[in-house]
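*Asks:* Next come the chains, spelled out residue by residue.
Number of protein chains: 2
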Amino acid sequence: MIGHPFYAVEPWSLRETEIDLDVLGQSESVFALGNGHIGWRGNLDEGEPHGLPGAYLNGVYESRPLPYAEAGYGDPEAGQTVINVTNGKVIRLLVDDAPFDLRYGRVLDHERVLDFRTGLLERRVTWESPMGKRVKVHSSRLVSLVQRSVAAICYEVEAVDTELWVVLQSELVANEALPDGAADPRVAAVLKAPLVPEENSSRTAGGLLVHRTAVSGLRIAAAMDHHIQAPPSLNETVESFEDLARYTVTAVLKPGERLRLIKYVTYGWSQVRSEPAVRAQVEGALAGAVRTGWEGLVDQQRTYLDDFWARADVEVEGDAEIQQAVRFALFHVLQAGARAEHRAIPAKGLTGTGYDGHAFWDTETFVLPMLTYIVPQAAGDALRWRYDTLPLAKERARQLGLKGAAFPWRTITGAECSGYWPAGTAAFHIDADIAAAAVRYVGATGDTDFEKTIGLELLIQTARLWRSLGHHDGQGRFRIDGVTGPDEYSAIADNNVYTNLMAQHNLVSAATVAERYSDRALESGVDAEEVASWRDAAAAMYIPYDDVLGVHPQAEGFTSHEMWDFAGTPPEKYPLLLHFPYFDLYRKQVVKQADLVLAMALRGEAFTDEQKSRNFAYYEALTVRDSSLSACTQAVMAAEVGHLQLAGDYLAEAALMDLDDLQHNTRDGLHVASLAGTWVALVAGLAGMREHEGTLSFKPRLPSGITRLAVNLSLHASRLRVEITANTVTYQLQDGSSLRILHHDEPIDVTADTPITRPIARIPPAPPLHQPPGRAPLRRDAPQ
Amino acid sequence: MIGHPFYAVEPWSLRETEIDLDVLGQSESVFALGNGHIGWRGNLDEGEPHGLPGAYLNGVYESRPLPYAEAGYGDPEAGQTVINVTNGKVIRLLVDDAPFDLRYGRVLDHERVLDFRTGLLERRVTWESPMGKRVKVHSSRLVSLVQRSVAAICYEVEAVDTELWVVLQSELVANEALPDGAADPRVAAVLKAPLVPEENSSRTAGGLLVHRTAVSGLRIAAAMDHHIQAPPSLNETVESFEDLARYTVTAVLKPGERLRLIKYVTYGWSQVRSEPAVRAQVEGALAGAVRTGWEGLVDQQRTYLDDFWARADVEVEGDAEIQQAVRFALFHVLQAGARAEHRAIPAKGLTGTGYDGHAFWDTETFVLPMLTYIVPQAAGDALRWRYDTLPLAKERARQLGLKGAAFPWRTITGAECSGYWPAGTAAFHIDADIAAAAVRYVGATGDTDFEKTIGLELLIQTARLWRSLGHHDGQGRFRIDGVTGPDEYSAIADNNVYTNLMAQHNLVSAATVAERYSDRALESGVDAEEVASWRDAAAAMYIPYDDVLGVHPQAEGFTSHEMWDFAGTPPEKYPLLLHFPYFDLYRKQVVKQADLVLAMALRGEAFTDEQKSRNFAYYEALTVRDSSLSACTQAVMAAEVGHLQLAGDYLAEAALMDLDDLQHNTRDGLHVASLAGTWVALVAGLAGMREHEGTLSFKPRLPSGITRLAVNLSLHASRLRVEITANTVTYQLQDGSSLRILHHDEPIDVTADTPITRPIARIPPAPPLHQPPGRAPLRRDAPQ
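Top to bottom, those sequences are chains A and B.
The first sequence: position 292 = 350 (my numbering), numbered continuously.
The second sequence: position 159 = 217 (my numbering), numbered continuously.
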């Protein structure tokens, strides 16, 4: 790829050795730090140049009206957009009288390293000012995974060859000017100056800003403190204004002499707490951070991550790029979800403003399958967030004339923010995706406290939605008409197979859990009749099938539609949604992202092997992957039906989505679901892992480019390590006593500390497939 | 109905004898005057109080951005909204020092009469000022059907019982303040102060204003002149400002003495002509109007209308309300279309701002079937307007990836202005509706000059659209997927029967006419291969049928959808679109307006009698008539399948739509298509008229409430009079030599001046039908 930064291929870090100011935005996303509560884009310490300045707090948004040329009943009136909160990253440097700014002078050397084991973003740069004065800057930055409200920076500036007068201005900046938004509808609407000042103050080496969002009425506080090590010629001042708090330190540095500044920043926000309360909250957190100190924060971060990697690492041998990419993915998904704690995990995490900062089905369908097996507490918290939003989802269902809960297609708070209902509200599968994630979480953790409270209620309310959304037709089939499945190049279709199969699973799971906790279910008004009506609907669920072609139509009638003119669609016309009207896409056979194929991945038991092969081949030829949510699923099914090389190709596409900026929009934030999809492609794809009624099964097989794959999975009290080579697989239990799994359908009881090794049968070569012209994934013939 | 003005039932006029200021808006619509070029709402002479002030010029609009919460490729960016142009109606009156204003003082008597034969709106009022001074005002107003740019008012004020000082201020007013728009999305967006002043001037007894619209850049001029007859104590002044020109006359009136003012107003507008040119245009027209004089204008109007009624009158005996309503309808449809001359006939005519002043398929499907047989020149002109917009429609087709022309769902200039594509752009049937109107026009007029130019090109471009929109499936059927039919409670469905049948007719007609004028067709690139491909697609057109239920689904799959919960829908939840989301409406069996039933009315030969009866009964139970475009079509098919009483009920609903304000929005303008539908319900319904390949057929039968129905139809050089009683029908040719028609399928050659009378066979009573609960039409048991 041209036009993206070059990163060195290293197993445990992401290293940039040159800086290209034209593609700064992408580097800010991949070098973003966060903990699920705070997100800091990888902006340069001095604030500019930047692609997009960004500091985010999970749940902090501004409301904006959603306009309609022709409004309809039930169209959401208010949207929600993530906003850039007070920027605590800024440390400006004056070298003699020249501002340190990479757009002027000369960069003599540059390096930024994101270390997945330390969790630090380090930067080293040697710069010559326009007047020929040279400085070295070394900064380290962290957003603490242990202290949720805390971020910190260690900043050092050194005079290289002449004595220098340096001034550091360390700031909190609110309402930063943002670059203008692009015309691409996927890019978030940019809101200007959303923060209304409430309070500002400064004290020795520190400062504080409190603001409130104008419409959504959220109170946001940021505080900072500093610790300085410097030559004696020191001079310190503090000052504060409505949108600026500043700590200024001045020093004269002899050649080789360094000024070292530690900056502690804390954040807090609340919808209900008073200004003094929120202020006290950030000042309290600040006291804790200062007490811990920089080295202490660094140590805590390392300890947290050591534990994480011990539980979660994925080892890939034979393809160093994939090895790096999967650790990059694990690290960033951890950052997105680790400390979200009853808040959403947005599609971009807290790394950018793409998709307005909204959370979608991405979380439950792509991110939680990974978090459930490596950071189960974070998966549980994400579902607790959905649970907390049930009142809004019930109200939305009521507005739509439905029972139960209608979860939003896109949201920050839980309120529906989709302004185009055919590809928003109509995508009711989000309900089943949430239900499936809850069932999966309970299956993996055995968390019965969760199951009988959060899980039960989520299942009841989603089952009620399906029961009221579908109906029995004259032939007794349970139909779900007029909804939109995962593929966004179709909409408002009858009996989408993915939706119907997921709804079936939802209804059966709800019935099972409601019967398991019948007393509690009765408290929610669920009696035996209602449970029976769920089982009945599930049993009668209509799954259309095209007997002539011998494939499942994605939805009823799909296979009768005209084929998209793939041959007549040149490469520059992708993504299609930016060059063709929805009307044209919806009525033809063209698939944006895995839909029927995702149904086969998640509800595999509903298809025969023969159907899987035929369906996969049919949809391969139609799927253009204009969504980043497609490649990982295609990797999973390619592996299952025996296209191992293709599975590897799709794995690489998912893995390199952001590192290679494959969708050309990483500048707006990372594709968190595709990052998680890297793990899914390896674990559900190459290791062939499936979960069915709480039991894990594996059908591992590696493509030729990968010689060894080892994954670690948390299961109940156990940790299962699965290590795969070309010819064998070894299952090993690291905690816990015993676990029954399936290896290529053979039951195996894995016991602690007794690795079990099994051979892997060769798979016969599958018949060749084709993708739409120009849309085949890059062949991964020569991995590095 | 409560809350609408009461009108006396009279055969040739609409008379209001009380004024209710709360429902002034409706009266302004029904008393509107126009000629297709100028439209003046029936505002009170003194300007206020008003429901909505309104002066419109056909084609004059302002552009406005169409906002989208989530925009898609091909969404129109600019909307068009009809604007209130310079108001030339205003004549303010000062009685001593009290302004004549019905909100103050006392109205002692009031009458307004719209006379369908004179074309005058007359008003008589006696008013007592708050100071107890009484005046009589008598005004007459016309918008000339003969002099297209001219309107005029004769205004008289008389002192009743004391000597009075009166001041008349006759004005041109631009950028009038308008009432705030309602939340109902069907109400037009109201634009404030859209006119930018360019020129104003005054001269003896006259004045002129020239403005330009800010964004659309249209230049609009209005001029006025006056002629006064008064006592000698006269004092006249003129003045002009940017948005106001005023002629003021002062007089002292003794009891019984009258001041009489004639006001001439002319309008002109242009997108390209210079300010001096447009100014000269209105001043020239003004000179002509003054030369003609008030009495001359009145005489011209009467002569024009005498001719119109001789050709177009419909006589209804036995139901005086229907008699009045059909003449009201004929008069207003004439006003909407008479002098439109290469401009659109909007859904509201020029009577209000409803639907933004846009034209829809209403014109071709409801209005032109009437105009074609009574004012064929106006029907031809409406189609010439479509022809003139072909460049825009071709460009739209190209943008949508289609061939030929994609006519806009809603527009003023011909550019698509629909901001919700599922119920806009996807309603491609507009193309076939236009084609059918062109074929009908040629069949009725024999206008071969039109056929080989306008008609041929319209047919070619619409046929090309269908050929590129549909495709042959694996079974060789020609399918049209993902489009929206007439029923707006369904959208984006496959193989809508109405659409497919109308497209079939379009393709066959295009092939026939292209073969008839093959040299000219070749100039448009149409060769024998292309014509063959049209015939082939038409022959293979897929018309879905539900074998189990024995009915046609409105679109593929429709009859498998869940039934709307009609029993659970209380009356206050209608119209459904204001109380339920589209997602819910689209996926269930509920019909806003005749769709499959319209297909049976317009393509009757494609259905057996048995199918018609079964289909009609099936859709009667689903159709809620939330659209004013439904009742007339249901009247037509009710009559055909033998439900004569029901046909009469639907006829009355169509006929009284505006007079009884049945949709509660007549204030926004008249329902021109429903007015035309009154004629359609009588002629295609009760007289059973159909046109097939140029031949008219009749199957007349009257419901019990109507004892005689006589209609007059223009056909080629002939005029056919059809007079129906309970037991007989008489066909009479009034010009021309001979005409072959079908009477209950029996061919009859009607010759000039030899009436032919035939008996009407009794029809066996049809099995009872039912409509959704609460949605049956009012029974017309006791007509007046």
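Certain hints may be false.
It does not matter which identical chain is meant; a pair holds if it fits inside one copy or across any two.
Claimed, not checked - Derived BS3-like pairs: lysine-lysine, alpha-carbon spacing no greater than 25 Å straight-line: (1) Lys510 <-> Lys250; (2) Lys461 <-> Lys510; (3) Lys670 <-> Lys510; (4) Lys670 <-> Lys452; (5) Lys461 <-> Lys250; (6) Lys510 <-> Lys452; (7) Lys461 <-> Lys631; (8) Lys757 <-> Lys670; (9) Lys194 <-> Lys312; (10) Lys452 <-> Lys631; (11) Lys461 <-> Lys757; (12) Lys312 <-> Lys452; (13) Lys312 <-> Lys461; (14) Lys250 <-> Lys670.
I should point out that these hints are in silico values taken from the structure, not numbers from a laboratory.
*Asks:* Take the hints in turn and mark each one as holding or not.
*Replies:* Each hint tested on the structure:
1. Lys510 <-> Lys250: neither (45 Å within a copy, 59 Å between copies)
2. Lys461 <-> Lys510: Within one copy, since 21 Å is at most 25 Å while 59 Å is not.
3. Lys670 <-> Lys510: neither (35 Å within a copy, 57 Å between copies)
4. Lys670 <-> Lys452: Classified as neither: same-chain Cα gap 36 Å, cross-chain 44 Å, threshold 25 Å.
5. Lys461 <-> Lys250: Result: close neither inside a copy nor across copies, 39 Å intra and 43 Å inter.
6. Lys510 <-> Lys452: within (19 Å within a copy, 61 Å between copies)
7. Lys461 <-> Lys631: between (42 Å within a copy, 19 Å between copies)
8. Lys757 <-> Lys670: within (15 Å within a copy, 59 Å between copies)
9. Lys194 <-> Lys312: within (13 Å within a copy, 101 Å between copies)
10. Lys452 <-> Lys631: So lysine 452 and lysine 631 pass the 25 Å test across copies only (21 Å; inside, 40 Å).
11. Lys461 <-> Lys757: Result: close neither inside a copy nor across copies, 40 Å intra and 50 Å inter.
12. Lys312 <-> Lys452: Neither: 67 Å inside a chain and 74 Å across chains, both beyond 25 Å.
13. Lys312 <-> Lys461: neither (73 Å within a copy, 75 Å between copies)
14. Lys250 <-> Lys670: neither (50 Å within a copy, 61 Å between copies)
Going through the hint list in order, the structure does not satisfy hints 1, 3, 4, 5, 11, 12, 13 and 14.
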